[in-house]
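Novice: Input sequences plus hints: build the corresponding full structure.
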Amino acid sequence: MFPENQLFFRISKTLPLSSTSMAAVNASPAANLLRKSRLFALPQALNLHPENPTIRVRSESNTATLPHPIRASIITPRSSLLKGDWGLKRPLPALSTSNKSRKPVVRVNAIDTFEHVTDFESAQDHTVTLRKFQELHMPMSLPARANYTQSITTRHESPFETHLDNTATSEGIDKPGARRYRHTGPFLPGLSEADFNTYLKKVQREKPELLRKLRERFATQLNTERRKQAQDNGEELEALAPVQVTDEDFQKYLRVLRSDPGALGLAIFDLLDLPSGLPVPRERFGPDCYQSPGTVLSSPEYSVRGPPSTHPSGGISYTRSHALTYNHPEHGPQVYQRPAEARVLRRKGRFKGASFRAIVGVGGIALEDGEPKTFSDPNAPHGITYFDSAIPGGAKYYVTPYRAMMESDGRIRLAVHRAEPQTRFAYGVQNYQKPEAAATTRSDSSRLRRRPIQRLDRSRTDSLSEPLPLPAEPTEDVARNLMRTLTQR
Amino acid sequence: MIVRQLYSRQGRQLLSVNRQASILRRFQSTETQTPTTTVETAVKVETEEPVIPVPTESALDNSTSSDSIRLAATEAFSRQRQNVKNFKKLGSVVRNKYWPDALIENPPLPSQITLELLLANQTHLGHSTSRWNPSNSQYIFGIRDGIHIISLELTAAYLRRAAKVVEEVAALGGLILFVGTRQGQKHAVVRAAELTGGYHVFDRWIPGSLTNGNEILGSCDRKVVNAFDEELPEWAERLESRGSLKPDLVVCLNPLESTVLLHECGLNNVPTIGIIDTDADSTKVTYPIPANDDSLRSVSLIAGVLGRAGEAGQRRRFESAKRGVLGYRSVSLGKKDVAERPESEDAA
Chain X
1 MFPENQLFFR
11 ISKTLPLSST
21 SMAAVNASPA
31 ANLLRKSRLF
41 ALPQALNLHP
51 ENPTIRVRSE
61 SNTATLPHPI
71 RASIITPRSS
81 LLKGDWGLKR
91 PLPALSTSNK
101 SRKPVVRVNA
111 IDTFEHVTDF
121 ESAQDHTVTL
131 RKFQELHMPM
141 SLPARANYTQ
151 SITTRHESPF
161 ETHLDNTATS
171 EGIDKPGARR
181 YRHTGPFLPG
191 LSEADFNTYL
201 KKVQREKPEL
211 LRKLRERFAT
221 QLNTERRKQA
231 QDNGEELEAL
241 APVQVTDEDF
251 QKYLRVLRSD
261 PGALGLAIFD
271 LLDLPSGLPV
281 PRERFGPDCY
291 QSPGTVLSSP
301 EYSVRGPPST
311 HPSGGISYTR
321 SHALTYNHPE
331 HGPQVYQRPA
341 EARVLRRKGR
351 FKGASFRAIV
361 GVGGIALEDG
371 EPKTFSDPNA
381 PHGITYFDSA
391 IPGGAKYYVT
401 PYRAMMESDG
411 RIRLAVHRAE
421 PQTRFAYGVQ
431 NYQKPEAAAT
441 TRSDSSRLRR
451 RPIQRLDRSR
461 TDSLSEPLPL
471 PAEPTEDVAR
481 NLMRTLTQR
Chain W
1 MIVRQLYSRQ
11 GRQLLSVNRQ
21 ASILRRFQST
31 ETQTPTTTVE
41 TAVKVETEEP
51 VIPVPTESAL
61 DNSTSSDSIR
71 LAATEAFSRQ
81 RQNVKNFKKL
91 GSVVRNKYWP
101 DALIENPPLP
111 SQITLELLLA
121 NQTHLGHSTS
131 RWNPSNSQYI
141 FGIRDGIHII
151 SLELTAAYLR
161 RAAKVVEEVA
171 ALGGLILFVG
181 TRQGQKHAVV
191 RAAELTGGYH
201 VFDRWIPGSL
211 TNGNEILGSC
221 DRKVVNAFDE
231 ELPEWAERLE
241 SRGSLKPDLV
251 VCLNPLESTV
261 LLHECGLNNV
271 PTIGIIDTDA
281 DSTKVTYPIP
291 ANDDSLRSVS
301 LIAGVLGRAG
311 EAGQRRRFES
321 AKRGVLGYRS
331 VSLGKKDVAE
341 RPESEDAA
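Chains as they are written, first to last, in UniProt numbering: chain X, 1 to 489; chain W, 1 to 348.
Warning: the hint list may mix true and false statements.
Covered stretches of chain X, as calculated for chain W (at least 3 residues, CB under 8 Å) [said to hold, decoys possible]:
#1 29-40
#2 69-80
#3 88-94
#4 104-113
For the record, the hints were derived by calculation from the structure and aren't laboratory data. Ideal Cβ placement from N, Cα and C applies to all residues, glycine included.
Specialist: This is how it looks when you write it as structure tokens:
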């Protein structure tokens, strides 16, 4: 956990032991204590832009909230907060902690600085975003992008599935169909020039080891061929002796590989365990291009943007499915979850001839207002097409989130659609209406009341024909209906 | 004007008159139908408590009904007391609760110093590496996150040594002065001085209090006490000729800001104990304790341990005084054979 720790380094220098656990046992009692202390157990700060500075042009403000936290958030019990005791070098001032918030959360940039102050700031931004995200009750999905030609939404695929939740060291990595979210090698399209050169030097240093691996690979290949040949000829398989690879054979194999870009590309990707990039059709490939194997990354989007910098779930939600139902006391189990309020951050409009969609914030996550795919949007919520300063508290409307994904660079991507009027009615929430408009459509709620509310245990047509549920319905029918609805979804 | 006052007075009385509260409109709503559930489990209906009539003016007039009211009220009161008695035994008791002031109010003994205790109280956190004083290199264990880490073992060893110094000085009847002028250190400084039977400065060390003591502390009260700390008023006139008192040991909790104090102590041959962080000069004090001097918990722990040591020393002094053994030369005034031990009332 502390590879860069100088303290650890010092201990391992004084005790030249190969095993770190042995070092932990034999180190001084104070060193053991320090290693177990909570302050030292704080993880090191993450690098914000890990490995792909060239992949995308960024224009961000220095004061903006980071797309993901890079330092741990710290809280302290209330009894200690009274004296400003956070377990750090010195007590933190109440003015910027306990006087500002009832439950202050801080992140520490430096335990002590030259100016004799502890450099800290409030960590409420990410902490509250996480809390708000967890209130949405969304499972994380693997990233997938819906085409504009397709009107369907992307499928939910949990990153926690056994065949997807793998790294190079996972147990099930050798099973057929197993995919992984991380390779040991870097994502070459995301490397900068300097990083690539550094990586090349590292590979050059490892050349003997790589040649040994390649030789093993060659031997396995020869053995397989020999075995297959023996099987075809009807020879005794047990009597087969393993093929001995001579240096001459190996040199010959290397020459063959060098002359065949297709085979060499595959061998290199396999040896260095590199994630392969976008799949390119073979006919587009020149004959002298090095071929890359098909991707084994768990999501196709990772081969475009690179493997994820975190676990694909980002650790912000551990549920596998969205099988969570709200049972309304009056209207029964609901198809949609409780709508969340979206704040219009930027209205939709045109700039230099290009039109852009509105940008809204849901639970601290900014996203584009998804709907509709048509050109005209007559039922757009108030304040989305133009800025209206008269709306108290700014323009907001209700949306139903349906997908949450973690992008390769650690940003949360949330997919929502506008909450339907019946859903809003069932949960007792209303979009903002102008006062004069609200006066004319006073009977809106009574109109909604007459219309049926979509239930989870009814198919759409059933619920339309039957607005009120019969009290004594056979339970078999309910179960059958439920199964039918679930299979349709 | 008078009329308006009258009106306002009447209006206030009208407000206090008991009236039936207006029923909220939403309770009259018939739009939402409350689903009625039939519960099959029989619920035991409680027998109604005897209703105690509220004493009204008319009831007070009637003497017979007043007796019955008083009786009922007494019964209800005794029943309530009985209930309190019965239910007091129920519930849970919270034990081992963290109490932040425990370190100051009930500090550990010098024999109870452990590395875990020091670690938990943040004594190991030094200053930024760019702030270090190379004279502290022997106390530094390593570097972590840009700060120096002070060796816990050395802190424990030096703290035990300082505790011994405080105990011996207290056992010989010396005057011990605790100085901690940083914000938040007041409580710890006062408590340590209280345990030691010594003196404290928590706001500001007046420069010259030692080198120019007659001018600065000349007007302060002084008294002469015997071996059992009882005042001897007959010595009062002798005090006039004596100069101001000087401490026999100074415990400085923030040597970085107390340069003047430490310099004066050096000039007057007063031994000093100081908490030396990695940016302080350890040669400024006689007995350094390498530890974190910024954390209030660290300072409270060190002051508390020294206070406990001083307390043990004072106990030893009283015990030996009972046996007639004194840690200092006894002085007699005329025919009375008493020990002299001057004490000063702290002016700060």
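Novice: Are 3 or more residues of the stretch 104-113 of chain X near chain W, judged by a Cβ distance of less than 8 Å?
Specialist: Three-residue rule met by the stretch 104-113 of chain X, so holds; n is 4.
Novice: Given that the stretch 69-80 of chain X was listed as covered by chain W, double-check it with a C-beta distance under 8 Å for 3 or more residues.
Specialist: The restraint on the stretch 69-80 of chain X holds, since 3 of its residues have a Cβ under 8 Å from chain W and three suffice.
Novice: Under a C-beta cut-off of less than 8 Å, do 3 or more residues of the stretch 29-40 of chain X approach chain W closely enough to confirm the stated coverage?
Specialist: Our answer is that it holds, as 8 residues pass the Cβ test (under 8 Å) against chain W, meeting three.
Novice: Using C-beta distances, would you say chain W covers the stretch 88-94 of chain X, given that this needs three or more residues below 8 Å?
Specialist: Per the Cβ count (4), the hint holds.
In the structure shown, no violation is registered for any of the earlier numbered hints.
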